[in-house]
Amino acid sequence: MSSFKFSLEARSPLDLYQRTIGSVTLEEVSDLAIVSIAAPLDGEAALHKVVDKKLGAQWPSIGTSTLTPHGHRLLGLQADMIFAVFAHPGGRAEVSIQDQLSADCYVTDQSDAFVVLAVAGSGVTDALERVCPLDLSSKAFPVGCTLQTSMEHIGVTISKQSEDCFWLLAATSYAGSLCHAMETAVIQTQ
Amino acid sequence: MSQSHRFDGKGLIDRQRPLTFTFNGDTYQGYEGDTLASALVANGVKLVGRSFKYHRPRGILTSGSEEPNALVTLRKGAYAEPNTRATSIELFDGLDATSQNHIGPLKHDLLAVNDLMAPFFSAGFYYKTFMWPAAFWEKLYEPMIRRAAGLGKLSLQEDPDCYAKGFLHCDVLIIGAGPSGLAAALTAGRAGAKVILADEDFRFGGRLTMETFGVDDMPGADWVAKAIDELGSMPNVRLMPRTTIYGVFDNGIFGALERKTDHLASSDGKPRQVLWRVYSKQSILCAGATERSMAFANNDRPGIMMAGAVRAYANRFDALAGKQVAVLTNNDDGWRTAHDLSVAGARNVSIIDTRPSTDNVTPAGVDVFHGKHVVNTRGRHGLTSITLSNQQVLNADCLAVTGGWNPNVHLTCHQRSRPKWREDIASFVPGAGLPIGMRVAGAANGALTLAKALQEGQEHATTALAYLGIQAKSGPAPRAEDEACEISPFWHTGETTSAYKRAWVDLQNDVTVKDVFQSHMEGFRSVEHLKRYTTLGMATDQGKTANILGLAVMAEASGKTIPETGTTIFRPPYTPVPIGAFAGSSRGKEFRPTRNTPSHQWAQEQGAVFTEVGNWLRAQWYPKPGETHWRESVDREVLQTRASVGVCDVTTLGKIDVQGRDAAAFLNKIYANAFGKLAVGKVRYGLMLREDGVAMDDGTAARFTDTHFVVTTTTANAVTVFRHMEFCRQCLWPDMDVHLISTTEQWAQFAVAGPNARKLLQKLVDEDTNISNEAFPFMACGEISVCDGTPARLFRISFSGELAYEIAVPTRFGNSLMEALMAAGEEFDAVAYGTEALSVMRIEKGHAAGNELCGTTTARDLGLGRMVSKKKDCIGNTMSERADMNREDGFALVGFKPVDEEQALSAGAHFVSKESDAVMANDEGWMTSVCYSPNLGYSIGLGFIKNGDTRIGETVCAANPLQGRTLDVEIVSPHFIDPEGERLRV
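One line per chain: the protein sequences are A and B, in this order.
Residues 1 to 190 in the working numbering are what the first sequence lists, from first letter to last.
Residues 191 to 1176 in the working numbering are what the second sequence lists, from first letter to last.
No lab work stands behind these hints, which were simulated from the structure alone.
These numbers were taken from a predicted model, which means no experiment stands behind them.
Heads up, some of the hints might be wrong.
Keeping only pairs whose Cα atoms sit at most 25 Å apart, straight-line, the calculated DSS-like set for lysine-lysine is [said to hold, decoys possible]:
| id | chain 1 | residue 1 | chain 2 | residue 2 |
| --- | --- | --- | --- | --- |
| 1 | B | LYS513 | B | LYS297 |
| 2 | B | LYS779 | B | LYS460 |
| 3 | B | LYS610 | B | LYS460 |
| 4 | A | LYS139 | B | LYS872 |
| 5 | A | LYS160 | B | LYS691 |
| 6 | B | LYS266 | B | LYS471 |
| 7 | B | LYS663 | A | LYS139 |
| 8 | B | LYS297 | A | LYS5 |
| 9 | B | LYS610 | B | LYS318 |
| 10 | B | LYS266 | B | LYS318 |
| 11 | B | LYS416 | B | LYS663 |
| 12 | B | LYS750 | B | LYS872 |
Counterexamples of contact, computed for chain A against chain B with all Cβ distances above 10 Å [stated by the list, open to error]:
| id | residue |
| --- | --- |
| 13 | VAL50 |
| 14 | ALA140 |
| 15 | PRO142 |
For each residue, glycine too, the CB sits at the ideal point set by N, CA and C.
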């Protein structure tokens, strides 16, 4: 082995972007781990129980999310698969989840697959209605609601964190375009 | 001129806010609350434009979006917007408008000569004339006609304004904020429903702003203001003035155009207009009605207007359309115009009622002519007099005409509902089969009187709420009286053949009564044919004031009733929508989103030239100083890679993690070749077929554990393959324990290719990883770590034909890994290569790519027929056995080289034998991919040709008719470089 040494430097998709425009703040949420957890065939009920017991939150149904006591947000994306989103600055997040669950399930690290853009502030829904086809009113889209949609031709998972804060999860490669689309929407509505 | 036709009234203009504007360079004054049209009326301007075909002088006809005449170009330079209706433009300080469609001054348009040539320009003239000589049509006649005809002209500059789009949701969408719309909104809003109230006008109220009616014992305008105050205070109600609902689409979806800044001198960087997609559970169409005209000789002169418009200018804008006003009517509504004008101060007001008698009370000082009509008019640039059917001549500078009211049924037709005729109002009303969730109230539904409109608005809102499970609060409808509205249809004064007494039906398209009769005479008798032959009802106004009149004339010509004659129906948009609004922010480089590869920044820093691959931006090549042509860069990258080592970002290839107890069995069914026994730590090339046996995609599958595979796809088919696999998993084989998730974005992946690839990688992989040929042979894979602990995946696979690896790290490290690879490769003179060099090397190696996997070729065509395992079933296996897909003279993928090595091959060329003509009957195949091979020193290609694998060495012609080239080419092996594959395995 040669003496060549090179340590790799991690870069977030938006370089920790943060900008406030009027009453709305756009901010990349970094250092998040995202792990998909899929239930094996006929093992769904058992896995739901394990998740409830080990993580402390219910397996979310499609379109909803649940929050564990340790701050893991579980996003219900499809019938037999959820995303666990949690703070985990190090690598191998899927191993961490697998270790916590110690159950028969399939986990995949998705931490690098998504950029997470938080959009928050009093004018957030005005801006989002320019790009998001979903009804984001409190009645139709309560806090915790999480749905997949398309914004400006970009596949986006939108998750409501609080009344005036949404997370947008999009494929990492689209980070720049998503950020530009949201910036434009915010600028135009502020 | 200072507002010579403005009077002191109770209109809805703000006299404290005077505004200055220009029309054709002349400066005028108006007030906030005016439209451009009302301000022109107030200033006594009658001539505002020229007609489409004959360049006849034209004035303002209406006061709304149905205006056919008063089309102007608004603003200047790049901001100029042609064909803008003066009746819809909200006046602002500094507004600059010009008339259009004339050569020379508006008053002295040179093209007015067309009017003298009218006998030659009758309906459909261009179908019958200009036939000879044939070549003249394109070069002379059509350009000449186009120059003479048409409306406004585009600036041909890029639109500097910006536009936006958006999405809205509501329980009840109310279209139109007139009396029925307001009553509906109040009912729905008070019940707590989520309501959107949209109106194209900048002021809510509809006809209540233009009439003197009272509601709930207060003036109509006051009642409107009170209602808007109440609605504005409701958080569940969204008020959208300046918003046109232009189209109805599937399942309660509406298109809406909101004019955000059109009423301002400058948009100040904000979107000028927003195109909304409105999702509504219920909708109530309260779009009102449009007044129609009557046809008589020279009924198009400036000063001849719709009676309702004349009334609106007086009541809403305190502007008199004329000082000597005659009203021509066949219904009670015309009498109100005479009354209101008389009150407003117009002199010599007279009423010409086509009915022999009526019960209307004659306003004081108004002359009435019962049973008469108008047979001619005078006044070149503005009306001066009219001639009645008893030949009496009346001096008039304004003739207010009303032929009745047409309910605005347009939006009801957008999903093919056909309006039905109602005899009592002599007009069409909404028919059966309305768009889902739509109800129609008020004048749009034929309820032409105020009390009925208010009542219908409330009732339909209550019904819509009940449908949504919401209880409306009980209470009476707003109180108002039903005004007189009887009508006795009168359409036109008779066909005339005189060119000087043409009676106009459609003012925007210069269609006359004679044209309609002529259409019938020539056999164009269906209303659809009538429309196309005469152009009746086309262009920006879509015949809102003309259609019913045209149908009536057609009915008369054919001896049928109007309902027997039928009607055309409407399609979106209700009024014109700028293309810019449809585009929204999707312009220029924002036309679509882009995807950046993990090493994008590094590539940018190297000055890479990028190419679009779907939405991806990929480095195409990396120019070096001194290189003046892309080929120099690409040749260098290829030669250096084959000589030493090259690095290429291949992240864009699709990656799918397949997990589950049945993962291997699942892949066995997906791929044509076997995967069940693939050992852990090994990779296999795989070919997928479609159900019809045609090749779908190729890639690799790497097995990391018994239950975990990683499948790769081509870049182009990444999504298609994932969808296909999900379909198979969920629908075809739901009893298999398999899970799929895309990891394309999770891993930054780089090809490291060339004789020194291993040496380079050895500098980066951590010490516990042995990548020697023995420990990590060709088609091995493994999870490793690099650069002191960064997790990675390593695959010993090659697309270039060289000793090669693909190494993947979590995407966050991608840019850094590229830097590391290049730094580590410095001692080997490592080169970064782009997609062009990648393509050259795969052609040299004879690997198929998108050009060969084009959706029509089979495994057999690709030379991969033996990969389709007959020991197992897989998608496409059975269908691939069809006889025609296995013909002995079928296509085969082979290589080609030019006989004259100085010549360049061209992709897309078709092969014919040397003795044959280059025609499709002799077609033997086609060239799929070509490149210049810097290793061989000449152009090479891949392609499909019949019986290709048995014709190696034969010379055929490659014909490219598009380039006008035919080239002799030799059929060769597709493997130009290292045909034995020795380099891969060292």
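Results for each hint:
1. For the hint linking LYS513 (chain B) to LYS297 (chain B), the alpha-carbon distance of about 22 Å falls within 25 Å, and the restraint holds.
2. Distance restraint check for LYS779 (chain B) and LYS460 (chain B): the Cα-Cα separation of roughly 19 Å lies within the 25 Å cut-off, and the hinted pair is therefore satisfied.
3. Distance restraint check for LYS610 (chain B) and LYS460 (chain B): the Cα-Cα separation of roughly 43 Å exceeds the 25 Å cut-off, and the hinted pair is therefore not satisfied.
4. The suggested pairing of LYS139 (chain A) with LYS872 (chain B) is violated, with an alpha-carbon distance near 52 Å, which exceeds 25 Å.
5. Our distance criterion of 25 Å between C-alpha atoms is broken by LYS160 (chain A) and LYS691 (chain B), whose separation comes to about 69 Å.
6. At roughly 42 Å between alpha-carbon atoms, LYS266 (chain B) and LYS471 (chain B) are farther apart than 25 Å, so this suggested pair is violated.
7. At roughly 22 Å between alpha-carbon atoms, LYS663 (chain B) and LYS139 (chain A) fall within 25 Å of each other, so this suggested pair holds.
8. A threshold of 25 Å between alpha carbons decides the hint, and for LYS297 (chain B) with LYS5 (chain A) the separation of about 84 Å lies outside it, so the pair is violated.
9. As the CA atoms of LYS610 (chain B) and LYS318 (chain B) are separated by approximately 35 Å, the hinted pair breaks the 25 Å bound.
10. Distance check on the hinted pair: LYS266 (chain B) and LYS318 (chain B) sit about 39 Å apart at the alpha-carbon level, beyond 25 Å; violated.
11. The hinted pair formed by LYS416 (chain B) and LYS663 (chain B) meets the criterion: a straight-line CA distance of about 19 Å does not exceed 25 Å.
12. With a C-alpha separation of about 81 Å, the suggested pair LYS750 (chain B) and LYS872 (chain B) falls outside the 25 Å cut-off, and the hint is violated.
13. For VAL50 (chain A), the non-interface assignment is confirmed: its Cβ lies about 17 Å from the closest Cβ of chain B, beyond the 10 Å cut-off.
14. Non-interface call for ALA140 (chain A) relative to chain B: violated, since the shortest CB-CB distance, roughly 7 Å, does not exceed 10 Å.
15. The beta carbon of PRO142 (chain A) sits about 15 Å from the closest Cβ of chain B, which is more than 10 Å, so the claim that it is off the interface holds.
Going down the numbered hints, you'll see the structure goes against 3, 4, 5, 6, 8, 9, 10, 12 and 14, while the others check out.
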